[in-house]
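Protein chains in written order, with the numbering used here: chain R, 1 to 233; chain D, 1 to 233.
If you're looking for bench data, these hints aren't it; they were derived computationally from the structure. Check each hint, because a few of them may be wrong.
Copies of the same chain are indistinguishable here, so a pair counts whether it falls within one copy or spans any two.
[Claimed, not checked] Simulated pairs of lysine-lysine, DSS-like, Cα-Cα distance not exceeding 27 Å: (1) K51 x K103; (2) K183 x K48; (3) K51 x K111; (4) K183 x K51; (5) K192 x K48; (6) K111 x K183; (7) K192 x K103; (8) K139 x K192; (9) K48 x K139; (10) K139 x K183; (11) K139 x K103; (12) K111 x K139; (13) K192 x K111; (14) K51 x K139; (15) K48 x K103; (16) K48 x K111.
Number of protein chains: 2
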Amino acid sequence: MRNRPIPEATVARLPVYLQALLSLAEDRRQMTVSSEELAQMAGVNAAKVRKDLSYLGSYGTRGVGYDVEYLLYQITRELGLTQDLPAAIIGLGNLGRALASFKGFAERGFKIAALFDVDDSVVGTDVGGITVRHLDDLKDIVTEEGVVIGIIATPPTPAQLVAERLADAGIKSILNFAPAVVKVPPDVTVRKVDLSIELQILSFYQQRNQAIATAREASRRLGTPDSSPQTRR
Amino acid sequence: MRNRPIPEATVARLPVYLQALLSLAEDRRQMTVSSEELAQMAGVNAAKVRKDLSYLGSYGTRGVGYDVEYLLYQITRELGLTQDLPAAIIGLGNLGRALASFKGFAERGFKIAALFDVDDSVVGTDVGGITVRHLDDLKDIVTEEGVVIGIIATPPTPAQLVAERLADAGIKSILNFAPAVVKVPPDVTVRKVDLSIELQILSFYQQRNQAIATAREASRRLGTPDSSPQTRR
DNA sequence: TAGATTGTTAATCGATTAACAATC
DNA sequence: TAGATTGTTAATCGATTAACAATC
Numbered sequence: 001m002r003n004r005p006i007p008e009a010t011v012a013r014l015p016v017y018l019q020a021l022l023s024l025a026e027d028r029r030q031m032t033v034s035s036e037e038l039a040q041m042a043g044v045n046a047a048k049v050r051k052d053l054s055y056l057g058s059y060g061t062r063g064v065g066y067d068v069e070y071l072l073y074q075i076t077r078e079l080g081l082t083q084d085l086p087a088a089i090i091g092l093g094n095l096g097r098a099l100a101s102f103k104g105f106a107e108r109g110f111k112i113a114a115l116f117d118v119d120d121s122v123v124g125t126d127v128g129g130i131t132v133r134h135l136d137d138l139k140d141i142v143t144e145e146g147v148v149i150g151i152i153a154t155p156p157t158p159a160q161l162v163a164e165r166l167a168d169a170g171i172k173s174i175l176n177f178a179p180a181v182v183k184v185p186p187d188v189t190v191r192k193v194d195l196s197i198e199l200q201i202l203s204f205y206q207q208r209n210q211a212i213a214t215a216r217e218a219s220r221r222l223g224t225p226d227s228s229p230q231t232r233r
Numbered sequence: 001m002r003n004r005p006i007p008e009a010t011v012a013r014l015p016v017y018l019q020a021l022l023s024l025a026e027d028r029r030q031m032t033v034s035s036e037e038l039a040q041m042a043g044v045n046a047a048k049v050r051k052d053l054s055y056l057g058s059y060g061t062r063g064v065g066y067d068v069e070y071l072l073y074q075i076t077r078e079l080g081l082t083q084d085l086p087a088a089i090i091g092l093g094n095l096g097r098a099l100a101s102f103k104g105f106a107e108r109g110f111k112i113a114a115l116f117d118v119d120d121s122v123v124g125t126d127v128g129g130i131t132v133r134h135l136d137d138l139k140d141i142v143t144e145e146g147v148v149i150g151i152i153a154t155p156p157t158p159a160q161l162v163a164e165r166l167a168d169a170g171i172k173s174i175l176n177f178a179p180a181v182v183k184v185p186p187d188v189t190v191r192k193v194d195l196s197i198e199l200q201i202l203s204f205y206q207q208r209n210q211a212i213a214t215a216r217e218a219s220r221r222l223g224t225p226d227s228s229p230q231t232r233r
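Whole structure, please, built from the sequences with the hints as guidance.
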């Protein structure tokens, strides 16, 4: 039953399963894992795990579970992590520098192949062993280095321009750290990572939780008026 | 029509509208904005904007649009950004330091109130003007400083322990940057930000786009076999 | 009044979940 | 064979979207 396109929600969870499987594979005791165990580790329910994995194929064994190594391989393959994807970072402020010197890329199927900025005091300098190039050279270097992923780490204003340059250079996958929405052609995929947005969403739930706790406290002091209306006499 | 709980998907978009409205408010030319304009800026469609905003109340004017300042205020209030929320960062490696020195918190309704680590060579040092405290002092300092948001910036292994300490200290909102799933009591909200996961999702779509492009190219060269099966003779 | 645009309805779509037959 | 666990079905739920009456 392959060839149904894998749902977006499933794709977003595959890396989480991968993370869990990697930690299982590390302590080589457990060769097999059930959907229930994997669900526990990934923080979802078992039905979801089975449904998600069924989109990849029938890689489990009834009565037994999933072979850890085999499933690991299948998810890795499905995610396209079997070769290192060359990525470029544009914008070398605090965040860009942090990303450029992040060692975890290689372990996860990525390699920083090029760095770009427009600031003359940054262009030509070395960051984490790579020379920063001028944004104007983007297209040439993307072609030379076979870059397929663009990471925007600029301030919000230039983000749109950078996205256009990336699209023009043939990049189809963009990770956008700039606090701005960028518009790209329909064949380009953009994922946005925005600290402010995450914090603001958290703030909303913080406020909601607070309100619930306050209401519960109030109803406790009044003797749960919802269920026993006689408290209001 | 208030008091329906606001859907999660809507909550996740409110900060994006906020971002757009802030940029409109800046150049004080446009006092009013239509759902269509706001949709353009936020990268969604107009129906979604109107539906989302309708959960907050009826703050628009038919035939006119939404008053920028007023809507800005209402979203800010809904997200609970009217007071600065005190946040604590746990783990002062590369990422923790980058977050601690990030100047954008204050502008966005947050304030870094405390920093924690367990490494003796880090505890006691000053990072961005705040003295790093030992994780064991978490509960006391959270109470003292009124911290309501915990930001986990540790390696994966200690992340679960830190989450438990945070929950124990009464924190109900956690932003998790560690590449690990943390389990918390049901009244605690966790949001996960994981660079590897984002990159891996991007890798999947990269691979899919590649496959589509290759297929298109092949069918172009063969004269679109799907629509004209006579190419296979 | 005519034109514009909201707020809401209802249809559609996609994701989640429980349940269970298949099968190791 | 009995017990365990997958893969899949079908019901349910939540999110998206088009359409349009309400109304500025």
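Hints and how they fare:
no. : hint        : in the structure
1   : K51 x K103  : neither (34 Å within a copy, 43 Å between copies)
2   : K183 x K48  : between (33 Å within a copy, 18 Å between copies)
3   : K51 x K111  : neither (32 Å within a copy, 42 Å between copies)
4   : K183 x K51  : between (33 Å within a copy, 22 Å between copies)
5   : K192 x K48  : both (25 Å within a copy, 19 Å between copies)
6   : K111 x K183 : within (26 Å within a copy, 31 Å between copies)
7   : K192 x K103 : both (21 Å within a copy, 20 Å between copies)
8   : K139 x K192 : within (22 Å within a copy, 34 Å between copies)
9   : K48 x K139  : neither (42 Å within a copy, 36 Å between copies)
10  : K139 x K183 : within (19 Å within a copy, 44 Å between copies)
11  : K139 x K103 : within (26 Å within a copy, 32 Å between copies)
12  : K111 x K139 : within (18 Å within a copy, 40 Å between copies)
13  : K192 x K111 : both (20 Å within a copy, 23 Å between copies)
14  : K51 x K139  : neither (41 Å within a copy, 41 Å between copies)
15  : K48 x K103  : neither (32 Å within a copy, 40 Å between copies)
16  : K48 x K111  : neither (32 Å within a copy, 38 Å between copies)
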